[in-house]
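Read off the chains here:
Protein chains: 2
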Amino acid sequence: MGKKQKNAISPTRAEDYPEWYQQVVKASDLAEKSQVRGCMVIKPWGYALWENISRTLDDMFKATGVKNAYFPLFIPLSFLEKEAEHVEGFAKECAVVTHHKLEQGPDKKLVPAGPLAEPLIVRPTSETIIGDSFSNWVKSYRDLPVLINQWANVVRWEMRTRIFLRTTEFLWQEGHTVHATKEEAIERTMMMLDIYKKFAEEFLAMPVFTGKKSPAERFPGAVDTTCIEAMMQDRKALQAGTSHFLGQHFAKASDIRFQSAEETEEYAWTTSWGVSTRLIGGLIMNHGDDDGIILPPKIASAHVVLLPIIRTPEDRQKVMDFTEKLANELTDTYYHHRKLTVEIDDRDIGGARGWDWIKKGIPVRVEIGSRDIDNNSVFVGRRDKGHRDKESIARDEFVNKITHILDEIQNHLFERALSRKNSNTVEINDSKQFHDFFTPENMEKPEIHGGFSMSHWCGSETCEAKIKEDLKVTIRCIPFEGEPEKGKCICCGKDSNQRVLFAKAY
Amino acid sequence: MGKKQKNAISPTRAEDYPEWYQQVVKASDLAEKSQVRGCMVIKPWGYALWENISRTLDDMFKATGVKNAYFPLFIPLSFLEKEAEHVEGFAKECAVVTHHKLEQGPDKKLVPAGPLAEPLIVRPTSETIIGDSFSNWVKSYRDLPVLINQWANVVRWEMRTRIFLRTTEFLWQEGHTVHATKEEAIERTMMMLDIYKKFAEEFLAMPVFTGKKSPAERFPGAVDTTCIEAMMQDRKALQAGTSHFLGQHFAKASDIRFQSAEETEEYAWTTSWGVSTRLIGGLIMNHGDDDGIILPPKIASAHVVLLPIIRTPEDRQKVMDFTEKLANELTDTYYHHRKLTVEIDDRDIGGARGWDWIKKGIPVRVEIGSRDIDNNSVFVGRRDKGHRDKESIARDEFVNKITHILDEIQNHLFERALSRKNSNTVEINDSKQFHDFFTPENMEKPEIHGGFSMSHWCGSETCEAKIKEDLKVTIRCIPFEGEPEKGKCICCGKDSNQRVLFAKAY
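As you go down the protein sequences, you meet chains X and E in turn. The working numbering applies: residue 35 is where the first sequence begins, and numbers increase by one. The working numbering applies: residue 35 is where the second sequence begins, and numbers increase by one.
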């Protein structure tokens with residue numbers, strides 16, 4: 035392995051991380067930009083991944099009593115205005131429907147016609163429209179809790195978009211629950227955050243911090259926003275999911291009241307929580323290497339690709355028979371409650387074929403040539419290892435241990451990411467050191483490096499804003515992990531009771 | 035059973051069918067109107083049904099090589115305009131996004147701001163936006179066929195809306211395929227129509243006619259529209275699914291070209307096909323009775339409800355233990371590839387509890403009282419039978435034959451609907467008789483009745499338009515079933531080569 039290795043993606047992560055991201059998305063065939071500003075096309079390989087993500091989460095939600103429903107895409111402006119902070123938070127970035135048909139204008143061109151009496155907002159989130167239904171559904175404490183989730187598309191007109199990470203339209207789930215007491219609502223907020231953490235770590239192999247957002251970073255209208263924060267390979271943070279305790283803000287805005295067991299009239303307590311196709315961006319930046327993306331087996335679009343090697347026309351029948359028989363056996367195998375997904379790629383395009391699957395991040399590649407068949411063996415490559423690091427395995431042994439191999443890959447990806455997260459999270463107490471840690475030149479030098487800093491914060495919005503202004507660093511969360519600790523604010527030096535997680539973020 | 039039976043739904047079907055429909059939807063808890071014009075809220079019971087419908091169809095599509103993807107919600111006006119008939123067909127009923135933010139107007143009220151250079155149409159269907167991607171994906175005959183499906187929401191600003199049947203926003207799937215030859219595209223069009231027929235009949239228990247639409251009833255821009263048409267209990271037709279052969283119209287509009295094996299540059303051939311939440315409306319009107327909806331077991335939101343009867347506090351433990359043990363055994367049982375879904379309803383609300391589940395159409399209700407437990411039996415009601423027609427069955431026998439009972443219900447619903455469809459489809463050759471058949475007064479008298487008429491049509495748009503004008507009757511399809519036959523047009527008396535299916539329709 036002494037000679038220079040060819041990599042599939044150019045530039046490499048070290049050369050230009052943001053551009054590597056764009057190229058790796060393209061090479062992976064997960065998604066592409068569309069002609070509609072900031073909107074993406076999720077291609078079959080990416081959508082299969084989203085299906086696995088969403089079905090897994092859906093099962094986890096349902097196991098806690100949550101049921102799915104579906105609410106209107108459009109939110110009347112007056113609904114959005116019911117909660118003052120909420121509308122302010124979304125007013126600057128929403129798609130507005132103002133007309134309901136097209137007519138020929140004076141120059142024969144089609145123009146919007148049929149103006150609406152009240153503009154409709156394409157949902158950026160659905161608290162207010164769902165709240166309207168909840169206000170009808172909830173009459174008595176016997177109707178509570180209401181535990182609802184919706185899988186839907188939402189639109190936020192962001193100025194700068196980046197595929198999966200921040201797109202004008204994205205797919206997500208938004209859970210909305212109503213409770214009789216504050217305690218129950220807080221418990222649900224934390225329960226869903228725990229599910230997000232579990233899902234991120236056990237399925238996406240993406241270790242996360244959990245914590246509470248600072249007031250400045252809260253969801254518009256929430257009392258508390260909790261979140262999971264993951265570290266990407268450029269040591270920047272990605273907010274990967276949020277769970278909000280909404281207090282009675284939205285219950286008051288939407289008039290969600292109930293008669294208590296004591297026959298008093300009370301406002302309810304609500305929560306909301308969501309993850310989106312952004313998770314796929316996190317996945318790419320967590321595990322991808324200079325050869326493409328790497329899909330964790332538990333949610334991979336497919337698990338195994340079989341690559342028959344047909345050198346002569348006489349080989350074809352023999353190799354394809356062996357391949358198809360193997361595929362049938364593999365697809366009858368269960369891996370974490372779903373059947374293995376196996377692709378057969380018999381395209382005659384030379385070495386580009388293997389590279390295609392490496393770039394697409396499939397966990398296991400299996401080459402099947404005439405000689406392998408004679409030995410009753412297969413030639414196996416794992417995506418978590420180097421692309422030349424392949425191994426001959428007896429065919430039946432491979433079938434028997436495929437789920438074990440997949441688990442190994444899953445665990446390896448998690449361990450690798452966890453070790454990266456741990457070694458790049460440091461406690462900084464010195465203001466100069468904090469500044470150096472986050473200056474852009476140092477970010478590109480891992481030996482001085484940037485990453486996550488657990489540093490003291492006095493709690494003032496002024497310090498938070500100053501750090502953001504000076505260094506483009508934000509408080510990612512006030513972590514739930516760790517013990518309270520006395521110290522001095524990294525910005526102003528005043529007393530602090532807590533370390534918080536600082537990082538640059540997507 | 036001599037005394038007058040109480041019915042759960044008022045009015046009954048016979049009294050006022052359209053109002054019965056509204057009331058039965060409400061009583062079933064499937065969905066409700068929202069505050070947004072023409073948009074519905076799909077409630078958990080309705081969404082679970084849609085999940086089962088969509089997952090079943092999804093498996094059927096995937097078995098034919100179709101893959102899912104996702105394309106933008108918004109279509110630039112210029113894209114929609116690429117196909118002249120297409121834009122004309124949708125211009126009168128589309129939601130138009132014209133601004134991308136909200137700002138305070140002069141009177142401090144929020145008003146649309148940030149006008150878009152080009153209006154965006156909320157997709158009413160996606161041929162043109164998907165066609166744009168396809169034009170990039172397809173370069174060579176080796177890239178074909180492209181077989182894509184999308185599960186999505188779409189918006190059509192209909193003047194009159196009715197829940198599930200015609201709503202401003204609805205959920206659907208839209209398949210879009212690209213082929214090298216006309217023959218292949220036609221074959222795919224028919225393959226998907228066959229899947230729709232199979233799904234409607236085998237899963238929804240809803241018998242359908244298949245056929246081709248007359249030119250006047252085609253999808254805007256299609257060369258041919260094929261459809262499945264079902265008969266509701268008021269003997270009106272419901273178009274329940276369509277599969278379009280688009281020829282090269284959209285390939286030319288979106289510039290989908292490929293290099294053939296012979297190295298010539300060719301336009302591709304495309305198809306599109308879809309079914310929507312409208313199917314749920316069809317389901318309700320096909321099987322519902324004066325006590326509520328009836329869900330066919332194969333796609334029911336849940337299969338069995340257990341109703342513990344707790345007469346004394348001492349009963350509780352014993353009855354609930356028995357109930358939960360039974361639930362666990364049932365949920366371990368597979369019924370047509372998915373596990374049985376079992377609800378336990380232990381609300382203490384008297385007789386209203388049983389009626390709730392009757393109205394919701396659950397296939398099997400099981401009452402469990404202390405005496406039943408002593409006899410080791412359960413008291414079982416089937417939704418396809420009268421609400422008093424219940425039967426005591428030994429507990430273990432019930433567990434053993436539950437899938438058999440469900441199959442019996444499924445088959446019974448289909449046979450009942452088929453017999454209704456057959457007995458209300460007649461061949462009418464006489465113009466006066468045709469007129470009488472379709473006059474509104476007779477529609478309300480089943481003995482003279484309305485229904486489906488297979489009658490001769492000369493093929494002229496004038497005759498088709500006259501019949502529609504005079505009787506509000508349309509050609510539902512030119513059926514694929516039956517032999518060609520010479521005759522005289524039911525309208526003008528000129529020569530005809532075919533009978534076509536006439537009916538009033540939703």
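Just to be clear, a hint being listed does not mean it is correct.
Same chains, same label: a pair holds when it works inside one copy or across any pair of copies.
Keeping only pairs whose Cα atoms sit at most 20 angstroms apart, straight-line, the calculated SDA-like set for lysine to any residue is [as the list claims (entries may be wrong)]:
#1 LYS466 x ASP529
#2 LYS96 x GLY385
#3 LYS528 x ASP382
#4 LYS502 x THR459
#5 LYS96 x LYS231
#6 LYS60 x GLN282
#7 LYS173 x TYR301
Simulated from the structure, these hints should not be mistaken for laboratory data.
Comparing the hints with the structure gives:
1. LYS466 x ASP529: Close inside one copy (18 angstroms), not across copies (95 angstroms); limit 20 angstroms.
2. LYS96 x GLY385: Neither, since 44 angstroms and 29 angstroms both go past 20 angstroms.
3. LYS528 x ASP382: Neither: 68 angstroms inside a chain and 59 angstroms across chains, both beyond 20 angstroms.
4. LYS502 x THR459: within (19 angstroms within a copy, 73 angstroms between copies)
5. LYS96 x LYS231: within (17 angstroms within a copy, 32 angstroms between copies)
6. LYS60 x GLN282: Neither: 44 angstroms inside a chain and 29 angstroms across chains, both beyond 20 angstroms.
7. LYS173 x TYR301: Only inside one copy: LYS173 and TYR301 sit 10 angstroms apart there, 60 angstroms across copies, limit 20 angstroms.
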